[in-house]
Amino acid sequence: ETGVTQSPTHLIKTRGQQVTLRCSSQSGHNTVSWYQQALGQGPQFIFQYYREEENGRGNFPPRFSGLQFPNYSSELNVNALELDDSALYLCASSLQGVRNTIYFGEGSWLTVV
Amino acid sequence: GENVEQHPSTLSVQEGDSAVIKCTYSDSASNYFPWYKQELGKGPQLIIDIRSNVGEKKDQRIAVTLNKTAKHFSLHITETQPEDSAVYFCAAFAQNTNAGKSTFGDGTTLTVKP
Numbered sequence: 001e002t003g004v005t006q007s008p009t010h011l012i013k014t015r016g017q018q019v020t021l022r023c024s025s026q027s028g029h030n031t032v033s034w035y036q037q038a039l040g041q042g043p044q045f046i047f048q049y050y051r052e053e054e055n056g057r058g059n060f061p062p063r064f065s066g067l068q069f070p071n072y073s074s075e076l077n078v079n080a081l082e083l084d085d086s087a088l089y090l091c092a093s094s095l096q097g098v099r100n101t102i103y104f105g106e107g108s109w110l111t112v113v
Numbered sequence: 001g002e003n004v005e006q007h008p009s010t011l012s013v014q015e016g017d018s019a020v021i022k023c024t025y026s027d028s029a030s031n032y033f034p035w036y037k038q039e040l041g042k043g044p045q046l047i048i049d050i051r052s053n054v055g056e057k058k059d060q061r062i063a064v065t066l067n068k069t070a071k072h073f074s075l076h077i078t079e080t081q082p083e084d085s086a087v088y089f090c091a092a093f094a095q096n097t098n099a100g101k102s103t104f105g106d107g108t109t110l111t112v113k114p
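Residue numbers (our numbering), protein chains in the order written: chain X, 1 to 113; chain W, 1 to 114.
Don't read these hints as lab results, they were simulated from the structure.
Treat the hints loosely; a few may be bogus.
Stated by the list, open to error - In silico DSS-like links for lysine-lysine, alpha-carbon gap of 30 Å or less: (1) W:Lys-22 with W:Lys-37; (2) W:Lys-22 with X:Lys-13; (3) W:Lys-37 with X:Lys-13; (4) W:Lys-22 with W:Lys-57.
Unchecked claim - Some residues of chain X that are not near chain W, with every Cβ distance over 12 Å (derived): (5) Leu-11; (6) Gly-16; (7) Gln-18; (8) Gly-42; (9) Phe-64; (10) Pro-70; (11) Asp-84; (12) Ser-86.
Said to hold, decoys possible - Incomplete in silico selection of chain W near chain X, CB under 7 Å: (13) Pro-44; (14) Asp-84; (15) Gly-107.
The beta carbon of each residue, even a glycine, is placed where N, CA and C say it ideally should be.
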């Protein structure tokens, strides 16, 4: 148990719709990172939030956006869903600093049909 | 950007044997190298990590080695057990900035046969 919780665990959306995924970080962790993991691949970094601001982004289009709240929980929003967005979305929390370690939640399985 | 290559993609060993998974990275700014174990339907679980100021780290049956000059690091599992069967991912992080960007390998599916 990492203390990182994500919801929902599974969901199905139609192409063109929007989705919001949620994450509660481990107690005391102030940084949240989001990853996309397609079947058979490693997690790909989407972005990271620290002090309610995005402070690092991977190679994902602007329709992937996020929020971090004062209690350090976070949301990932994806607009105009495409079939290729079907994947496991992972949230990871850490304590910002030079030697931080990240801990993953169990993920949200998104299927776009 | 960073590129992480992981080999082999699949590995099958007999229970009790050792397993070795290797990763190479490209960005010399990377300074933190964790290994994750992912079981079916679950999120990745951190099993061991190493930082760039250390060459080797061991935790019971698991060890990781890092060669900064050659930009490669390896996971060693000794006395493998069937419950070690899972997908293992290596990753490289540049943690000397606030961005914390990370790059993962594509994973190694380890099967330990009883």
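Results of checking the hints against the structure:
1. A distance of roughly 14 Å separates the Cα atoms of Lys-22 of chain W and Lys-37 of chain W; the hinted pair therefore holds under the 30 Å criterion.
2. For a cut-off of 30 Å, the pair hint linking Lys-22 of chain W to Lys-13 of chain X is broken: about 38 Å separates their Cα positions.
3. For the hint linking Lys-37 of chain W to Lys-13 of chain X, the alpha-carbon distance of about 29 Å falls within 30 Å, and the restraint holds.
4. Between Lys-22 of chain W and Lys-57 of chain W the CA atoms are separated by roughly 15 Å; this keeps the pair inside 30 Å, and the hint holds.
5. Separation of Leu-11 of chain X from chain W is adequate, the least Cβ-Cβ distance of about 15 Å exceeding the 12 Å criterion.
6. Residue placement check: Gly-16 of chain X keeps its beta carbon more than 12 Å from all beta carbons of chain W (closest about 28 Å).
7. Even its closest Cβ contact with chain W, about 24 Å, leaves Gln-18 of chain X beyond 12 Å, as expected for a residue assigned away from the interface.
8. Here Gly-42 of chain X does not stay apart from chain W, with its beta-carbon only about 3 Å from theirs, under the 12 Å limit.
9. At roughly 15 Å from the closest C-beta of chain W, the C-beta of Phe-64 of chain X stays outside 12 Å, upholding its exclusion from the interface.
10. With a closest Cβ-Cβ approach of about 19 Å to chain W, Pro-70 of chain X is found to remain outside the 12 Å limit, as its non-interface label requires.
11. For Asp-84 of chain X, the non-interface assignment is confirmed: its Cβ lies about 17 Å from the closest Cβ of chain W, beyond the 12 Å cut-off.
12. Every CB of chain W lies more than 12 Å from the CB of Ser-86 of chain X, the least distance being 16 Å, so the non-interface label holds.
13. Using the Cβ-Cβ criterion of 7 Å, the hint placing Pro-44 of chain W at the interface with chain X is satisfied: the shortest such distance is roughly 5 Å.
14. Residue-level restraint check for Asp-84 of chain W is violated (minimum Cβ-Cβ distance to chain X is 19 Å; threshold 7 Å).
15. Because the closest C-beta pair between Gly-107 of chain W and chain X is about 5 Å apart, less than 7 Å, the hint holds.
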